[in-house]
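Peer 1: Read off the chains here:
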Amino acid sequence: MKNTLRQLFHSGKFVAGFVIFVAILLTVFIYPLVNPGDPLEMIGVGTFARPGTYVSLYDAVRTDTQTLRLSEADDNRIAKALSAEDRVAMVEWFTTMGIDVSDLDIDDTDALLDLWNANYDPSIKPQGMTMAKRNYYKRLNNSLQEIRAADEIILAEPDEESGALVKSDTISKTDYVNVSQVANVKNLPLGTDNFGRDVLKELVSAAGTSIVIGLIAGTVATLIGLSLGLLSGYLGGFADDFIMFVTNVFTVIPSFVLLILISYSIGQEQRGAAVVAVVIGLTSWTWTCRSVRSQVISLRNRDHVNLSKLSGHSMIRIVLTDILPYIASYVVMAFILQVSTGILSEAQLSLLGLGPKTTETATLGLMMNWAMLYSAHTNGSWWAYFPVILTITLISFSLNLMNTGMDQVFNPTLRD
Amino acid sequence: MGNVMLEVRDLKTKYVTRFHEDVYAVDGVSFAIEEGKSLGIAGESGCGKSTLALSMMGYYFPPLHYISGDIIIDGRNISGMKPDDVRKTILGSEIAYIPQAAMNALNPTQKIIRFMEDVIRAHDPKADKKEIRERAEARFAELGLPKEVLDKHAVELSGGMKQRTVIAVSTILNPKVLIADEPSSALDVTSQKMVIKMMRELMEKGYIKAMLFITHELPLLYNVTDDIMVMYAGQIVERGTAKEMVFDPMHPYSYGLMNSILVPEEGTRGNKLTAIPGTPPNLKRPPKGCRFAERCKYAKPECFYTAPPQKPFDDGRMYRCLMGLDQLKEVYSHE
Amino acid sequence: MKGYRKYFGKKIIWFLITFVIAVILNFFLPRLMPADPVAAITGKMASGMTDASAVQEIYKRYEEEFGTNKPMWQQFLLFCKNAIRGDFGTSFSQYPRKVSDIIGSAIGWTIALQLPAIIVGWLLGNILGALAAYLRKGWDKVLMPVSLFMSNVPAFGMAVILLVVFGVNLKWFPIAGGYNFDMIPNLSWNFIKSVISHYQLPFWSIVLVSIGGQAVGMRSMSIYELNADYVKYARFLGIKDSKIVGYVFRNAMLPQITGLALSIGTMIGGALVAEIIFSYPGLGSTMYSAVTAADYPLISATTLIITVMVLLVTFLLDIVYGFIDPRVKAAQFD
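Chains as they are written, first to last, in numbering that gives the first Met the number 0: chain U, 0 to 415; chain S, 0 to 334; chain P, 0 to 333.
This is chain U alone, in the form it adopts within the complex:
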């Protein structure tokens, strides 16, 4: 046992898979401690807030200000204010003016502005340019000048008695606040989803739930597959024929179809995460059963098993002491694969609208399903679906790596 473990940890693939999986597990356990709270709390109003750090404007205004003179501040403002279309339009203007723009970098705000200030004149009316377009250029020019102007923003509050606005403060362009002094700062590294939930928090909790679903599905499938495989392989004869018949039927009928049918027939109300996990387990035991059976058949007539039989040991004892230890590695490998298929099956079911019906927990499949229903993929909200795909892939990749590593340790012909 100890030796096997040592061998396993000599396999690069196993170690890589193990490290990734443990890292995911640790995140699932530790992140909620660092960032406590309900993962499904809808903190955002509206859908799909971008990833980033959110500072309360209200609090920021009331936080003590410091004066910083940052020379590039104006440029940054302008760079932020100039949209990609504006930049293209500016270049268009230059070309109509007959200026060579071949070595102008469109993202170089400084160069663009220099050229603009030198060449733009609102009184010029280039040939063929519509009135609307000319007005657009005027507006663009004005807004650029405004950003440069040193106006202060005046804050006013309504007077409690008269209702008239009273100036309370001014904010100049050189006023800055220290973010750490602002009362309410929210870090949303992965933004919010369609319900306004913190995606990262939800993702961590969903990964946890999905792993549990995978573990339940894997346990159910392995228990059924192992016991049927043991019975079939050890007893042989009619029991073997019958069990293999059932196994073959359920290998050929796609488990995905069965999964859909069973999930559907259970009905929405009963379909919690645990139920879905059990259903997945119930439809995916055939692989384990097959491989356990063939292992048992090759063990059945080994000397030590025969010796045990001759010694009059009971079948249960023979199976437990003379057969199970020899197939343990295969069973563990099959279990690992079942866990990863379980996680994937849940995600696929959820995308079909047959996933767990629950509002209390998130699963990776449900997150994916909601992101798709709210067209996150077509409106550019990558943070709502990409981390989910990546998490599913990484969990399943790490489990499969471990499995491959084990395969190489236990089947030496595959060794490099």
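None of these hints come from the bench; they were simulated from the model.
We treat Cβ as the ideally placed atom computed from N, Cα and C, and that holds for glycine.
Among the clues, some could well be false.
Computed footprint of chain P on chain U; a stretch qualifies when at least three of its residues, placed anywhere within it, have a C-beta under 8 Å from a C-beta of chain P [stated by the list, open to error]:
1) 121-132
2) 185-192
3) 322-336
4) 399-408
PhoX-like, lysine-lysine: derived pairs with alpha carbons at most 25 Å apart [what the hints assert, rightly or not]:
5) S:Lys125 <-> P:Lys170
6) P:Lys239 <-> S:Lys125
7) S:Lys81 <-> P:Lys80
8) S:Lys151 <-> P:Lys242
9) P:Lys9 <-> S:Lys128
Please build the complex by placing chains S and P on the supplied structure of chain U, with the hints as guidance.
Peer 2: The following block gives chains S and P in isolation, referenced to the frame of chain U:
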């Protein structure tokens, strides 16, 4: 003295393990076989006899590596040749090999005739399909194999038939030297006999000029080959005629080996059966002195640090021991 | 020859039994659902009606039409009788369209999408796996982990990524449907062009996902075969390495056919979900809308058709494999 067909001079090869350790599996082997003669190689498993067979082909792929020495087939030294030239002009046509596990030696999804075509065309790319078939059928008929076998897949043949097919395919190009590595060990007695008969026929008809027969079954060698060579830990410890080796072994190891088996001959019935205690040395770090010293009943202190040379006698016999012939005879007489 | 017939006979009987079990499961499981779809459809039809007896009348009429007033076993016999004629009843959600009609218009899309995609994925995967096994070292070090990683990207994930990268961002291909929504299916060049460009993203997402798994399997099969005794023997007979590699890959590839037969069910599951992502007008999308609308005649017919397709493919692959791999021939036909 006939023409020397195969001569091996001080051949050294090694295995490189996964952990980059060298295992000196064949360490300075020299011998020769004359035309029309057969030589048997015997030894415990792991003594390097199979490795010697592979090393003699002059064609190495990992983990086996060539170190030094000469392999001369009918006057032609192949040890310095490029691997691709060896493949084209030597393998199959000059020297042929029958592998240890002939059961799995044939590609399961290929018909025997297709494989025969591949073998012949590897040396004569322009060979005609019809001619190849005629040639194969003629050879099969001559060796008493049904020609239907040619159109079957390996999986459809029985074990004995597979082995005989392998021999027929290996010798289709009339190689000068045939190396057979345990060709009959996995077979039942009847098939074993047929295989031996077939190899004898090949020799008698002159399709092969010399044969090297490797086995751990000494009684078999006594019946099949002219000479016997005993290997221990990558080296030859003794060589002599079959009769001499079985009834009058000289080297302490051969002596022990012969006493540990039953030879079905008159007079051996009453002999004591003894096993040689101990295990062969680790070839990653071969001992400095005699390799057998640790297990040798008669070892003297100098045996542990002086490596004995290969000593030839005038009558073609040779052995590798520090003790003289008379000394050994003297020692054995006290047994 | 007798061996062949026995082999086929056994296979056919076996597949027929599986088929019957599949039909039974497909019929009964969706009907175990607690909701009453007839009530739902009556509610939809009778919305705005105030006369309770008129509503009752409508309910009765639909019950009759869908046969839900009869006992389950009678419904089943009726279902079988009609199914043989290709009639799977009327859809609840797309009333009064016939289920067979809906499926008829979807099945072609699914077959045209998935069959070539799975075959191409299988071929490419096998070639890559064989290369990885043969070249080893550098190639293997890169190809292996990449293939393993790729094979773990779920089909829908690959679909979404391709859709976003090549559809939304690069705008190379359209992102939804089987053809331009403003077109009416016909045989014009424009329509075919539209179909082809809509085909690309769903096709490649299925191909990319199946490549990885096949490559990993083929690699280990090839490594196993490369170490086989016949390789060593053929080398010592002077046969060229390129020829021997041919033997090895043939031998490694043949069992991959069974591998395909065994995994086709799983692959189709993933591919159907990929269809949903692209709103491809195939069976996956049909099933999705059937599930959302609790339309069980449509669900059971769709799943039945998918099962039958998988059964047929598995059966064909089994037969083909039995013919071309002499190892199976020797084991099965005598």
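Peer 1: Does each hint hold? Answer for all of them.
Peer 2: Going down the list of hints, with the structure as the test:
no. : hint                  : result
1   : 121-132               : violated (count 0)
2   : 185-192               : violated (count 0)
3   : 322-336               : violated (count 0)
4   : 399-408               : holds (count 4)
5   : S:Lys125 <-> P:Lys170 : 56 Å, violated
6   : P:Lys239 <-> S:Lys125 : 15 Å, holds
7   : S:Lys81 <-> P:Lys80   : 75 Å, violated
8   : S:Lys151 <-> P:Lys242 : 20 Å, holds
9   : P:Lys9 <-> S:Lys128   : 39 Å, violated
Violation of the numbered hints given earlier is confined to hints 1, 2, 3, 5, 7 and 9; the remaining hints are satisfied by the structure.
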